[in-house]
Amino acid sequence: MATYDFVFRALGLEEWCEADGGAAAPMSMEALVAQNSGEEASTSIWELPFPSMDALNEACGAFPQSRNVTLGLENGFLAVKDSISVVLDPITQPLSWMLEGALYAILNTPWWIVIPLLLAIVWFVSKSWRLLAFVALSIGGLAFIDYYSYAMQTLAIILVCAFLCVLLGVPIGIAMSRSDKMRAGTIPILDMLQTLPPFVYLIPLIFLFSVTEPKLYGIAIILYAIVPVIRLTDLGIRMVDESVIEAAEAFGMTDRQKLYGVQIPLALPNIMAGVNQTIMMSLAMVVIASLVSAPGLGVLVLRGINNLELGVGLVSGLGIVLLAVMLDRTTKAALDRINAAQKG
Amino acid sequence: MSASEKKTKIAIRHLYKIFGADPASVLDAVKAGMGKEELLDTHRHVLGLNNINVDIKEGDITVMMGLSGSGKSTLIRHLNRLIEPTAGEVELDGVDVVGVNEKELRRLRREEMSMVFQHFALLPHRTVLENAGMALDVRGVPRSEYESEAHKWLDRVGLQGVGDQFPHQLSGGMQQRVGIARALTSNSPVMLMDEAFSALDPLIRTDMQDLLLELQAELKKTVVFISHDLDEALKLADHLVILKDGYVVQQGEPQDILMRPNDPYIVDFISDINRARVLRVRSVMEETDHRPDTVAGEVDWDDNLESVIARSEGQTDLTYCVMRDGKQVGVLKMTNLVKALVPTAAAEDGLRSGAA
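Residue numbers (the working numbering), protein chains in the order written: chain A, 32 to 375; chain B, 32 to 387.
For reference, chain B alone in the conformation it holds in the complex:
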């Protein structure tokens, strides 16, 4: 995949977090392989994170997904050290965040990383404009100077003319736009988003996801996004990390995880999504530049399967040429497409052999 060429922005290495009276004392037991439940039963400590290793690439949206209690919110708080790890490293541009002193940590939080929260966490006693400019205000930039920057980003997220209102006067969706504007105004290369859209209702959530993708196409920030919603994760992710009980079950390109789930947990997870909408032509095609004799037409390699089915009008004997930037990169047989739609749980083996 093309992701491997990108620079690693944040590297999480052997990260452990244990909650309890004396985490260091049970660390060795955890390293030796003790699970979450056993640790709780025998040592009365809660295993938060268990040997996490993730490379977060520059300019990617990395989505950490898991159910509640999987440690995803704990993990994102280690990136800017709102929570101290029990062991392990978090490297930002090669510098270990865990080791820096308080002053440097503050600088990192002010200039390198911004954060968007599930429940918005705006300052209720400050106006929308002051909230948007909070990051600059914290750095000591006077209001007259941060005002234009805050206005610019409020406009960019679709909030014109509300600068003088207070957060409680806005709807949830608008408040979260302020939250995003606040993160953008800090102009930090890394944006941490902790279940940023989970508290919003579905339509607004879709809007916000589109907004994020649109902004991302333009700004190319390194985004770490936490979610418990698989559809959201698949929509946003360049790199998907699935967490369970504090460890990484599987990580990789979302298409790849869909086609080759390596754990029953993930099979469960992906069993009731709309595969046709999520899977892309590139994941099911056969790679070849040989043009077959009878082609029904051309499809883009990033089209989803739903659109191809619509074009084929349900016929399963067609073959399409797969194009990327005007060049043929493969062929797509409708039979393969249909095979790919079979839920993984039912035909795991068949899928594996058929998809590659």
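If we strip away everything but chain A, and leave its shape as in the complex, we get:
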């Protein structure tokens, strides 16, 4: 006899319960224990169980157990997985190509081209000798201890993913800034993407794509890192001085002129801050993504954990920190130069 028998009796559902045969569902642990010890389930008010699915299942065998929820979700996902893949596969294929291309290019270009090129970019965006020296030393140091190719792989993945984040995130941010409805709909999704533990994205992605495909980790990184650039684009455009917008309207600007001539340029400091955050977050995710075959420094970190190779883990971790500092300082220097040019 179970606690909630009376519910089903009162509803007249006993037949339905019996008909489906109580034995069909697997027994819960407590039921098994209770059966073996030969005791009746206690009905003391102190031990009244919450009317959960398992408790109700005890009373009525036809009622599903809670494990059916997760099982159902899994089965449902597996059922639609193939049709989702048909759509998602071709759409995301370019991501695989881009990642493969970037990895191939950065590894097959001689170091004496790649390193000066990177330094030239750093100089172009920052115009700072100190930063240039720091980057040169860091990359040189990583190369010296033979971590060059790992570091470059990580860098290539981050650059591709951050580029795509900006490409997708800025238009989404602009759309959000223009429509409050769009904003209200998007913000919960962004919140979810930001708080969902990164490992959790990986599970459905593993089902959808093969683990050997680069787009698997590419998507995971983009989903995780795109949030700041969207949020800060929206915020930046909304924060543009109301009176400047009014002036733009009073002089007869079209929406397009307003967007490209006023809103985006004035939101640029915020957008750049978003890009900076996005790059930092892709760097954080690229390590986790090494679980699903993302190459680079993350693989070494993983090796350090798996094989308890303390030295490898520490050095590669330090390499990631160096990369992060380089990317952060470079984007911040670019941001400062924008700020200086248009100080509000």
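The set of hints was computed from the structure by calculation and includes no laboratory data. Every value quoted in this text rests on a predicted model; they were computed, and no experiment measured them. The reader is advised that the hints may include incorrect statements.
[As the list claims (entries may be wrong)] Derived DSS-like pairs: lysine-lysine, alpha-carbon spacing no greater than 27 Å straight-line:
1) K183(B) <-> K289(A)
2) K251(B) <-> K88(B)
3) K289(A) <-> K134(B)
4) K38(B) <-> K88(B)
5) K37(B) <-> K251(B)
6) K266(B) <-> K358(B)
Given the coordinates of chain A, assemble chain B onto it according to the supplied hints.
Relative to chain A, chain B alone:
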């Protein structure tokens, strides 16, 4: 007054603006005479503008004056439809601005009306020159073509050689000069100025007022100027509109309003201004071409009373001939002048009879 001969450039007709969830639903109540406070209490709507009727004459400076919350900034934004009215018309050269489509509205904003803002509202990421040329840039004129025009107007407002700087590198007064140059470069016949000088400190404000009057003497634009400062309003206005709680309390020639205020609110307003500096001989003189026997001298009809007092050295028994373009148009008795200086609040009736 001579203003009546001028062509009406902008006609505001029965303009209402109600802010709130459903303005149309309370419009009838407002038309039936419900006031601002009652509307807020009973219907939770804010009355912005209440049956505004103003004729803005071509070539005049029309000043809309009122305290904050009187609806003056709301009103000026209806002229180029930055704010949509709840009911009523705004006619520019006989065309109802409220009814035009978006494309035509843009054309009006680009070519017919320019605007100067209280907080300058320059584009911070563009140079002074690019800001000055903004109106032409918006129309699609390439930089090489608008450059000379922008330079011309920057020079005209007294900004030489700052074209390549950014707005934040200039002082407030200079930024507003850029704002005025921007409005002038658009070469529009109508200029809307929303508290254009209120954010500037007093000395610079006086400079800017002089600049505006000087430009106006030359360009004869139709200027609509918003201000909360009575001295400024009296200095600039050809036609003065005084707003309170969203309705027009009184409008007319400033001298006329000073001499014949029709509302205690206006009496309050004008009670502590320097009347001698603002009032002009023409407002206090007796109109006649008969030359009295003893005249102490001749004064121009547009002189202010302060200068006449200075000339009379304080004697109150003198009589002056009032001249306009070399012809006598009236006589000014010092006794009348002194009467006109008595603040309106103290002697409203006496003034009314004595001034006409």
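### In rising order, the numbers of the hints this structure does not comply with
none
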